[in-house]
Each structure stands twice: as C-alpha cells, then as structure tokens.
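The listed protein sequences derive, respectively, from chains L and D. Residue numbering for the first sequence is 1 to 240, as defined by the working numbering. Residue numbering for the second sequence is 241 to 460, as defined by the working numbering.
If you're looking for bench data, these hints aren't it; they were derived computationally from the structure. Virtual Cβ for every residue (Gly too), placed ideally from N, Cα, C. A portion of the hints provided could be inaccurate.
Only pairs whose alpha carbons sit at most 25 Å apart, straight line, appear in this in silico DSS-like list of lysine-lysine [unchecked claim]: (1) L/K149 / D/K357; (2) L/K149 / L/K181; (3) D/K372 / D/K384; (4) L/K109 / D/K372; (5) D/K357 / L/K11; (6) L/K149 / D/K372; (7) L/K122 / L/K169; (8) L/K122 / L/K149.
Covered stretches of chain D, as calculated for chain L (at least 3 residues, CB under 8 Å) [unchecked claim]: (9) 349-361; (10) 370-384.
Take a look at the letters that make up each chain.
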Amino acid sequence: MLEAKLVRTFKNFSLDVDFKVGKGVNIFFGFSGCGKTITLRMLAGLDRPDSGQIKTGGKTIFDSAQKIDVRPQHRRIGYVPQQPSLFPHMSVERNIRYAADALSPEERKETLEHLLEIFRLKELRSRFPHQLSGGQKQRAAVARAVASKPAYLLLDEPFSSLDSLIRRKMCRCITHSVYEKLGIPIIMVTHDATETLDFDQLFVFSNGRIVKSGPPKELKPLLAEMLGPLRFDNPFTGEK
Amino acid sequence: MGAISFPLILSLKVALCATFLAALFGIAVGYFIYARHFAGKEILDTLITVPLVLPPTVTGLYLMYVFGRNGLIGSFIYDLTGMSIMFSWQAAVLASFVVAVPITFKTTRTAFEAVDKNLIEISYVLGKSESKTFFTIIFPLAWKGIASGLVLAFARALGEFGATLMLAGNIEGKTNTVPLTIYSLATSGKEYEAHILALIFTVFSFVFLYTVKKLGHRHA
C-alpha cells in the first residue's frame with residue numbers, strides 16, 4: 001500500500017491531495033495542469049511537498065512534521081517521465097544493466113534477459129536510443145525502470161508521443177508486462193480518458209485536488225460530465 | 241638551435257601543466273557551481289571569470305601581490321621553505337593557469353548545464369549516488385564541451401605573455417617562453433630569429449588545433 005498526503009503551493013496553483021494506492025494498475029486522470037505530474041515527482045522524491053506524508057508498505061519515506069525525506073535513491077520507486085529518457089550514450093542493454101548493477105552478476109544477467117524478453121527488446125539490445133522508434137524507446141525506459149526492482153512504478157504519460165491507437169495498445173501491453181508478469185504495482189498518469197477504462201483504480205484530478213476515486217467503470221458518469229463540455233469524441237456517452 | 245628549442249619545450253611544458261591544473265580546477269569548481277545552490281554563486285562565477293577580461297598585466301600584478309616574496313601567500317611559502325615561486329618556470333605555469341581557468345571553468349559549467357536534467361533525475365531514481373551519476377552520466381555526456389574548453393585553454397596558456405612577464409620575468413634559459421623570446425628577439429634587432437620562431441610557433445599551433453579538430457570529428 002502506498003499512502004500519501006501532499007500539499008504544495010505555487011504562485012498560481014495549489015496542490016492538496018490525499019490518497020491510498022494498492023496493488024494493480026492505478027490511473028491518475030485529469031486535464032493538463034491539474035497536478036498529476038507534480039504528484040508523481042513528489043512520490044519519486046524529485047520534488048518536495050510543502051507539507052504532508054508518504055508511506056510505502058508501512059515505511060515512512062516523507063514526513064514534513066518529523067523532517068523525514070528519504071532521497072530518491074532509497075525510495076525504491078521507479079519513475080518513467082513523459083519524455084523518452086534513455087541514456088543516449090548507452091545501448092538498450094547497457095541502459096538496463098545500469099539500473100540492475102546492484103544485483104549479483106548472475107541475478108543481473110537473469111533479470112536482463114527476462115526483461116529483454118518480456119518487453120520484446122532482444123533484437124534491439126545493442127541499439128542506441130537514437131536508433132529506436134518512440135515506442136521502442138519507452139519500452140526500453142520501462143524495462144530499465146523495473147530492472148532496479150522498485151516497489152511501485154510511476155509512469156507519467158509515457159506514451160503520449162505515440163498516436164492514440166498504438167498508445168492504447170502499448171499501454172495495455174506494458175502494464176500487463178509490469179504488473180501481471182513482474183508483480184509491480186503501477187501508478188500511471190494520463191489525460192486521455194479512453195486509457196482509463198482498462199485498469200483497476202482511477203483517481204480523478206481537478207485543479208490540484210482528487211475529486212473522486214474508485215473503479216473506472218463506476219466513475220464513467222463523472223468522466224462523461226468532465227469530457228462533455230469539450231465537444232469532441234466522448235467515449236462514455238457516444239457523443240461527438 | 242638551443243635558443244629556439246628551449247623556449248619551445250618550455251612553452252609546451254608550461255602550457256601542458258597549466259592546462260592540466262586548469263582542467264582539474266575548472267571541472268571541480270564548474271561542477272560545484274552547477275550542482276549546488278548557495279548565496280553568492282554568481283559572484284564566485286564572475287570572480288573566476290574576471291581574468292578573461294582583465295589585461296594580463298593586471299592579472300600579473302595581482303598575482304605578484306599574492307605570490308611575491310612579500311605577498312599574502314608568497315611570504316608564507318618563503319617563511320616555510322626559504323623559496324619563492326617568483327621568476328621560476330612554475331611562476332609561468334601559475335600565470336598561464338590563472339588566465340586559462342576562466343575558459344575551462346566557463347565551458348565546463350556550460351557543458352554540465354547542457355546535460356538533460358531528466359537523465360540525472362532518472363539516475364537518482366534508479367538508486368545511483370551523486371558521484372556515480374557524475375562519472376557515468378553527466379561527465380560522459382558533457383565531455384565534448386569540456387574537451388573543447390581544454391583545447392582553448394591550452395591555446396591560451398601557450399600564448400600567454402603579460403602575466404608571465406610580470407610573474408616569471410624573461411630570464412634566458414629559465415623562464416623565456418616562446419612569446420617572451422619572440423618579444424626579446426624582435427626588440428633587440430634579431431628580427432630574422434624572431435620570424436623563424438614565430439613561424440615555427442604558428443605552424444605548431446595550426447597543426448595542433450587541426451589535429452584536435454579532426455580527432456573531435458572522428459569521435460563525434
């Protein structure tokens with residue numbers, strides 16, 4: 001279980017969220033600028049909340065009152081940002097090895113081969129990032145993120161640069177690989193409502209708050225209401 | 241022959257030592273200023289860069305105040321060892337170092353700042369320490385910028401004149417680097433020798449810069 005209460009005030013925006021994330025694939029949904037990315041960055045330890053608490057598996061990794069702030073290196077939380085972030089001077093294999101270098105040589109080799117297999121990267125192992133397509137890069141980035149064996153994996157719209165059909169397919173494929181095959185719970189950010197339906201738990205963000213959470217199918221009316229005024233394809237009502 | 245070979249060898253020795261020291265200092269301080277947030281950061285940056293715009297004679301004068309026998313540090317060294325750095329080849333290294341440091345420092349800081357911050361954050365999230373991230377991610381991605389700074393610093397150190405004259409003097413067979421020797425030859429009517437030395441120096445500089453450029457392209 002990952003529990004967080006995060007407060008952060010910016011010049012024109014304030015974030016105040018309180019949530020618990022269990023196993024499975026959890027989706028943070030909301031329009032751009034509603035606080036999803038900053039929430040993930042705080043969980044990963046890359047940004048600091050003004051106040052609040054974060055606990056993973058009962059262990060406190062951030063507590064403003066007790067002045068606990070575990071560094072990103074020691075949080076065991078994997079993170080894949082929106083932009084492809086493979087190390088450009090390393091091949092796909094070296095990128096993954098880099099993440100797994102704390103493991104014993106045998107375990108590292110086994111992990112590497114297993115990840116190359118399940119993320120379909122075997123043929124691409126010696127390629128450098130500039131020789132990969134957008135989807136291949138993000139598959140490799142996710143493989144690298146899980147190679148360090150994190151307790152949770154945070155995905156910040158990792159497929160946003162792909163077109164919508166491939167994106168949805170890739171989303172399902174990656175989340176299946178990470179959660180079903182590796183057993184790592186996921187928190188994935190998206191602002192595409194069509195991506196929210198396939199997963200376990202949905203957290204709806206609006207203006208720096210979580211306005212609703214629950215199984216995606218139960219939140220369909222809320223999503224329909226949110227998408228309605230935008231007057232484009234609404235997958236929840238069939239409206240155009 | 242010795243009148244020409246000595247200044248050439250001395251200039252090379254001085255420039256190499258000065259560039260080596262400027263590289264160590266420039267990379268260490270460049271990284272420190274890039275990675276840390278503290279009050280007075282930009283003042284420190286400006287202070288290190290000032291010799292780039294000061295006339296070398298002014299830099300030399302300040303160095304005399306600091307490292308001269310009665311200077312702030314010089315007197316301490318003299319009391320301790322009975323020796324002074326002034327008018328030695330090491331003084332020429334010090335003068336070249338001070339004028340080369342702004343170049344290595346500035347190019348290094350810029351090269352570090354050009355590294356995608358996302359990559360550094362990802363390395364931390366993957367559990368890597370700051371030093372591991374520096375040696376495996378930041379430095380390898382910044383080294384081309386740093387290397388170009390080192391080439392420029394070496395070229396600057398090789399041609400250093402004013403500060404070297406103030407600090408090391410122009411003692412034949414001891415501190416007469418190529419620029420100082422050309423000056424001495426030209427002002428004492430030995431124009432032919434001055435031209436020969438200037439030509440050798442020009443050809444060497446051209447070959448050096450061209451080779452470095454070619455090597456840079458090969459590794460690009």
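Hints, verified against the model:
1. Between L/K149 and D/K357 the CA atoms are separated by roughly 23 Å; this keeps the pair inside 25 Å, and the hint holds.
2. Only pairs whose Cα atoms come within 25 Å are accepted, and L/K149 paired with L/K181 is accepted, the gap being roughly 13 Å.
3. With a C-alpha separation of about 19 Å, the suggested pair D/K372 and D/K384 falls inside the 25 Å cut-off, and the hint holds.
4. Proposed proximity of L/K109 and D/K372 is supported: the alpha carbons are some 21 Å apart, at most 25 Å.
5. With a C-alpha separation of about 23 Å, the suggested pairing of D/K357 with L/K11 holds against the 25 Å cut-off.
6. For the hint linking L/K149 to D/K372, the alpha-carbon distance of about 19 Å falls within 25 Å, and the restraint holds.
7. For a cut-off of 25 Å, the pair hint linking L/K122 to L/K169 stands: about 20 Å separates their Cα positions.
8. Distance check on the hinted pair: L/K122 and L/K149 sit about 20 Å apart at the alpha-carbon level, within 25 Å; holds.
9. Taking a C-beta to C-beta cut-off of 8 Å, the stretch 349-361 of chain D contributes 4 residues in contact with chain L, enough for the three needed, and the coverage statement holds.
10. Counting residues of the stretch 370-384 of chain D whose beta carbon lies closer than 8 Å to any beta carbon of chain L gives 4, which meets the minimum of three for the stated coverage.
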